[in-house]
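A.B. asks: Letter by letter, the chains look like this.
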Amino acid sequence: MLKVLKLKRKQNIIGWGFILPATILIFIFYFYPIIRALLISFQSGVGINLSYAGLINYRRLFVDSLFKGSLSNVFIFLILQVPLMLFLALIIASLLNDHKLKFRGFFRIAIFLPCATSLVAYALIFRSIFALDGFANILLMNLNLISSPINWIGQPWTARILIVLALTWRWTGYNMIFYLAGLQNINPTIYEAAKIDGANAWTRFTKITIPLLKPIILLTTIMSTNGTLQIFDETQILTNGGPANATLSLSQYIYRLSFEYSPRFGYAAAISYVIFLLVAILAFIQMKVGDRR
Amino acid sequence: MSRIIRATKYLFLSVIAFLSLFPFFWMLNSATNSSVDILTGTLLPGNHLGENYQTLLANTNLIQALWNSFRNAVVATIASLIVCSIAGYGFEIYHDRVKDRLMVILLLSMMVPFAVIMIPLFMMIGKANLMNTTTAFILPTISTAFLIFLFRQSTRGFPSEIIEAARIEGMGELGIFIKMYMPIMRSTYAAAAVITFMSAWNSYLWPLIIMQKEASKTMPLLIANLISGYVIDYGVLMLAVTISILPTVIIFLILQKNFAEGIITSIK
Chain A
1375 MLKVLKLKRK
1385 QNIIGWGFIL
1395 PATILIFIFY
1405 FYPIIRALLI
1415 SFQSGVGINL
1425 SYAGLINYRR
1435 LFVDSLFKGS
1445 LSNVFIFLIL
1455 QVPLMLFLAL
1465 IIASLLNDHK
1475 LKFRGFFRIA
1485 IFLPCATSLV
1495 AYALIFRSIF
1505 ALDGFANILL
1515 MNLNLISSPI
1525 NWIGQPWTAR
1535 ILIVLALTWR
1545 WTGYNMIFYL
1555 AGLQNINPTI
1565 YEAAKIDGAN
1575 AWTRFTKITI
1585 PLLKPIILLT
1595 TIMSTNGTLQ
1605 IFDETQILTN
1615 GGPANATLSL
1625 SQYIYRLSFE
1635 YSPRFGYAAA
1645 ISYVIFLLVA
1655 ILAFIQMKVG
1665 DRR
Chain B
324 MSRIIRATKY
334 LFLSVIAFLS
344 LFPFFWMLNS
354 ATNSSVDILT
364 GTLLPGNHLG
374 ENYQTLLANT
384 NLIQALWNSF
394 RNAVVATIAS
404 LIVCSIAGYG
414 FEIYHDRVKD
424 RLMVILLLSM
434 MVPFAVIMIP
444 LFMMIGKANL
454 MNTTTAFILP
464 TISTAFLIFL
474 FRQSTRGFPS
484 EIIEAARIEG
494 MGELGIFIKM
504 YMPIMRSTYA
514 AAAVITFMSA
524 WNSYLWPLII
534 MQKEASKTMP
544 LLIANLISGY
554 VIDYGVLMLA
564 VTISILPTVI
574 IFLILQKNFA
584 EGIITSIK
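Here the protein sequences come in this chain order: A and B. Using our numbering, the letters of the first sequence map in sequence onto residues 1375 to 1667. Using our numbering, the letters of the second sequence map in sequence onto residues 324 to 591.
By construction, these hints were calculated from the structure, which means they are not laboratory data. Note that the coordinates shown come from a computational prediction; the quantities given were computed from them, not determined experimentally. We treat Cβ as the ideally placed atom computed from N, Cα and C, and that holds for glycine. Treat the hints with care, since some could be wrong.
Unchecked claim - Some chain A residues close to chain B (C-beta under 7 Å, calculated; not the full set):
id, residue
1, Tyr1404
2, Pro1407
3, Ile1499
4, Ile1503
Please model the entire structure based on the sequences and the hints provided.
C.D. replies: Structure (C-alpha cells):
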C-alpha cells in the first residue's frame, strides 16, 4: 500500500516535470507580457524612457481621431466580412457533405488551398490583380461593366471592400473544414427523414444543419472575430492602411506608434488593451447569445 | 427540376473552386511574364521567367532570406513539437485537479491578441540582446496552448494498457513517452508539424519587428519589401511570391489531411 502511494507520488512529480517547461514558457511569453503591457499603458514618454502618467493614455483615446478611425475600420471589416465568409463556408460545406457528389475531393482541396499561402503573399497577389492597371480592371472593362478603371486601393470604400474580398478568399476554406468535420457527426438519416417529410433543401439547411452545427458556428465566429480585430498583414501590404487611413487597423496603428513614428509605447499599449477588451467582450457576448438559442 | 438543382450545385462549386484557384494561376503566369505584358492582362505564359529570376537575385538577398525562413521554421517546429507534445502527454496521463485547472489557465493565452504582448516582448528581446536571432524568432512561439491542447486531446485515444504494460516491465516514464508514445502518435506529430511550420514560415509582424538587420530578413519581409519602390515590377514580384509560397503549398498538398485534422481537434 505504501509502495503504491510512493509510486503515485513519484509519477505525479514526473508529470509536473513534463508539463513545466511548456507552462513556464507560456507564463513568460504570454502572461508576463500582458501584465507588463498593462503597466506600460499607464506610463508615458518617448522610447524606453517611461514614467508613470496615470490615465493620460486612456483619456487621449477619446480625442484621437486616428484611433477612432482605425477602431471603426476594423468594425467595418468585422461586420461585412465575418457573416459573409461564414455563410459562404456553411453553404459550401453542406454541398460538399454529399457523398454522391462527383469531384468532391477536388472541390475540397481547391477551396482549402488558399490557407497554404502566407498573408503577405496573398495580399501581394491581390494587390497585383487589383492594381489600377491590373487584371480585374482589364477584365471588367472588356466585359463593358465599367467604362474607366476603378482605383481599388485609392478610394476608401473600394479599398475596404478589397480587404473584405481578400479575407474571404483566404479564410472561407479554413472555416469550411470546421463545418465539414461537424457535418460528419450529424447522422444522415436525420436528413433522409426530413426529405421524406417534404422538407426542401433550404428548410433542411436552416432547420437541421445550422442548429446542429451551432457550437462550431459559435467557435468559428469567435475565431474570426478575434482574427479580424487583430488584422495587420493584409491592411499593411494590400492597402498600406490607406487611402487616407481608411483601412488602417488597430494593430497597424499600434505598430506605427511603436516602430515607425518616434516610439510611444505607453499610448500604443493602451490601444492594445482596447483590442484585448474587445476580444474578451465580443467572445463573452457571442457565447451568451450562442447559449440562449 | 432536380436536374436543374444538381447542375446549379456543380456550377456554384465550380465557380468557387475557380475563384479559389485563379489567384494561384495568376501568380504563376505573371512570374513568367514581363511587367509590361502583365499590365495588358495576359493569361498566356511568357518567356521572362529567367529574366525575372536574374532581376530578383540581383536586387534582393533571396538565398539568404530563404535560408533564414527555413532555419527559423525548422527550429521553431522541432522545439515546439518536443515541448508541447511532452506537456500535452503530461496533462492527460498524469492529470489531477490542479493540472486540469492549469490547462484551463494556459488555454486563456489563446485569447491574447499579439498586439498586446508585442511591445513587452520586443523590450524583453532587446534587453536579452537577442535582436536578429533565430532564438528571438522562436521564443514566443515554442510553447502554445493550441499545440499542448492538440496533444492532450490526441492522447485521450492512446491506450493506457500500453503504459501499464511498459511500467510493469520496468520502463521509465520518459522512456515510455519516447519509445511507446512518440512512434504511435506519428499522425498527431505530422499535424502539429504542418501547422507549426506553416505558421512560422508565414509569420510577418514578429520578424518585422525583431529582424532589423538585412542578413536576418525572412521571405515574407523580402517580398513585402518589393513593393516599397515607386514602380513595382509585377513579374519579379510574382516570382518572389511564388518562391515564398512553394514550400508551404507543397507541404499542404501532401499533408492537407493532417493539417485539417490538426485544426479541427479543438472541436472534438
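A.B. asks: It remains to establish, for every hint, whether it holds in the given structure.
C.D. replies: Here's how the hints hold up against the structure:
1. At a threshold of 7 Å, the smallest CB-CB gap from A:Tyr1404 to chain B is about 4 Å, leaving the interface hint in force.
2. Taking 7 Å as the C-beta cut-off, the interface hint given for A:Pro1407 holds, the closest approach to chain B being about 4 Å.
3. A hinted interface residue such as A:Ile1499 counts as satisfied when its beta carbon comes closer than 7 Å to some beta carbon of chain B; here the least separation is about 5 Å, so the hint holds.
4. Contact between A:Ile1503 and chain B, as hinted, is supported at the beta carbon level, the nearest pair being about 6 Å apart and thus within 7 Å.
Hint compliance for this structure: no hint is broken.
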